[in-house]
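*Asks:* If you want the building blocks of each chain, they are given just below.
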Amino acid sequence: MPKLIKNGQLVDDNAQVLILDETQAPEELSLPEGPVFVPFAVWQAHKGQLSGRPGLGVWLDSHEDVAELAEDLGEISGVALNFPKFTDGRSYSAAALLRTRYGFKGEIRAIGDVLRDQFFFMQRCGFDTIQPKAGKYSDAQLEAALASLQDFSTPYQAAVDQPAPLFRRAQRAA
Amino acid sequence: MYRYDSYDQKIVDERVAQFRDQTRRYLAGELTDDEFRPLRLQNGLYIQRHAPMLRVAVPYGLLSTRQVRKLAHIARSYDKGYTHITTRQNFQFNWPSLEAVPEILAELASVEMHAIQTSGACIRNITSDPFAGVAGDEYIDPRPWCEVLRQWSTFHPEFAFLPRKFKIAVNGARQDRAVIQCHDIGLELKRNEAGEIGFRVLVGGGMGRTPIIGEEISDFVPWQHIITYNEAILRVYNRHGRRDNLYKARIKILVKALGIAEFKRQVEAEWAFTRGGPSTLTEAEVTRVGAHFTTPAYASLPSEDAGYAQQRAANAAFAAWTKRNVLAHKVPGYAIVVVSLKDPKRAPGDVTDSQLERVADLADAYSFGEIRATHEQNLVLADVKQSDLFAVWEQLRSANLATPTFGLLTDIICCPGGDFCSLANAKSIPIANAIQARFEDLDYLYDIGDIELNISGCMNSCGHHHVGHIGILGVDKNGEEWYQVSLGGSQGNQTSIGKVIGRSFAAHEMPDVISKIITVYQAERQEGERFIETVRRTGLDPFKLGVYGEAAVKERKQNA
Ligand code: SF4
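Chains as they are written, first to last, in numbering that gives the first Met the number 0: chain A, 0 to 173; chain B, 0 to 559.
The set of hints was computed from the structure by calculation and includes no laboratory data.
Looking from chain A toward chain B, a few residues come up when the C-beta cut is under 8 Å (computed):
| # | residue |
| --- | --- |
| 1 | D116 |
| 2 | D150 |
| 3 | Q156 |
| 4 | A157 |
| 5 | A169 |
Residues of chain A clear of chain B, computed beta-carbon distances all greater than 10 Å:
| # | residue |
| --- | --- |
| 6 | K5 |
| 7 | N13 |
| 8 | I18 |
| 9 | P25 |
| 10 | L30 |
| 11 | G33 |
| 12 | A44 |
| 13 | G51 |
| 14 | A69 |
| 15 | E70 |
| 16 | D138 |
Computed from a predicted structure; not experimentally measured. Where a beta carbon is used, it is the ideal one built from N, C-alpha and C, also for glycine.
Work out the full structure: start from the sequences and follow the hints.
*Replies:* Given below as structure tokens:
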């Protein structure tokens, strides 16, 4: 079973991220058994049936607006946010909005071009689950990559993982 | 100046460890070039024409002598004995080896320095007024605010992969000396009618391919809210800035596309959620940071030192230097000294290891141990007694650091250009040196008076050519290096973007072209009129005529 990082630990994961190819209309899909993340378009087309299904998540691409999912967050257990390229930073804002603006408590998973040197930023923005592309890292490499979550022990600014900035957290001597 | 506490030190130390590991993994083949590129860039490391280039952050241009000596040491030990000051007040090393960079970063960390976010699509080093704290026209010292913003922006997790680079500048004086109108965010410190401190916020300014002057998004953001307000701007930009086209990815394009009113609406809608939240600044934090920027122990002195007046009368070279490179200080008996890095025999902004050490010695002896770097690529000793100026001048002069041309035609702002930079269309340093050689007569330079000539080797505009009174831009024509000339640009309160005068020129024509432009100015100027004022009054036509001749101008008009 593929491994990923959840809450700072290496865990097995069997959730599937469903990807539509161009020929498939979102209406025509049949869902696999077990936990699955469906594309936002599929969710929109089948909201009625899918709502409340156990282990159901929705994934958004970086150009899709989390605000459009805000009303539905109570019906799903997770949101996966795609990084088409690791240099596309929109999903950091999307994760932060999900946590702070929309109060989402479920899983937020980073998918796509997910690399260890960005784990630290992802975690700070509210991602609890980090899933590098299949085959990108060996289990041993992923294990070693956990260290990157601890790159900086005491960041300056507030973020999702630490809602108070350093100047409110610590008594700093002048 | 700001001194690190254990938190600040830990962050830079952890950065060194992180980058050491990233470099190790890159050299071991675990990180691809594409994966490593943004990581090294966010540490100021470029791969250039000849070697890597390392850009070291000098937050808002302020340096201690200990730091300057460390930079000299790095130049000597890891480079070819010199370094270069950029238009963002940073230092660049042109010849370090990639393998040595983690070691250099460790050396920097030992003197509270780093290369964090000096490049890459993130919030860059924050720039400010090089005369902060000593200028007579200052309302509010910008340095504590710059430091507060530096800390906020350092490794901001949400804004490490923006559509494009993001530059913030802060000014707190009547005269803008930080080019705030040409920044992604320009902040002007001010007081409202109740006397409370806040910021006028400009957004969407920038140079580059599409030069745009920033627009006002708020005329007053109270100081407590400056972090949340900046975050709201950054969030709107991070989410909606264009990512499909590198040339359209700066915030200025988003602001133009939406219009300032709609952009402001989106920012304020975002801000409504975070305003007053935990990132709201506290009095205690501002006081803590502000306490680092103390007023030095100035002596009480007469406003005119008698000896200084005699020395000027007795020594024409000294007098000439004081006329240009010594500026008024807000404290009686003190002066601001501009240490010129515009020796015509060197690239503008270059400084050697031993010159740096000389400046550090002078700062320790005469200027409270502090040095500033300017975006005009000079150094500054901000607190020199008038009675010490002669000694300082002699020492600077013997180190070739007293070229008495501050603010004159040969005080050229110039990017590294094709000699170093792999993005360049054309070389810029030889053009600067050729113009400096043409205009070496000091009396002539003084007669021409205040003028700003800026050179960039390509559209990225690191040499600020758009806001030069005379701007020179390197362009590529079928693989050859050509130069486009613009006139009428200006930085400061009356920021304007220069206009191109016509067809471009070959390198060897450039000194003549500048001579012709100056000749037109001298013929056209009215009593007491500076170059830029003449250009504004007359427009470009007389200059086009002077440069291209009547026939060419006529032909152009007909074809237009
Ligand atoms: S303006 Fe162009 S050539 Fe000059 S330093 Fe910048 S990128 Fe390089």
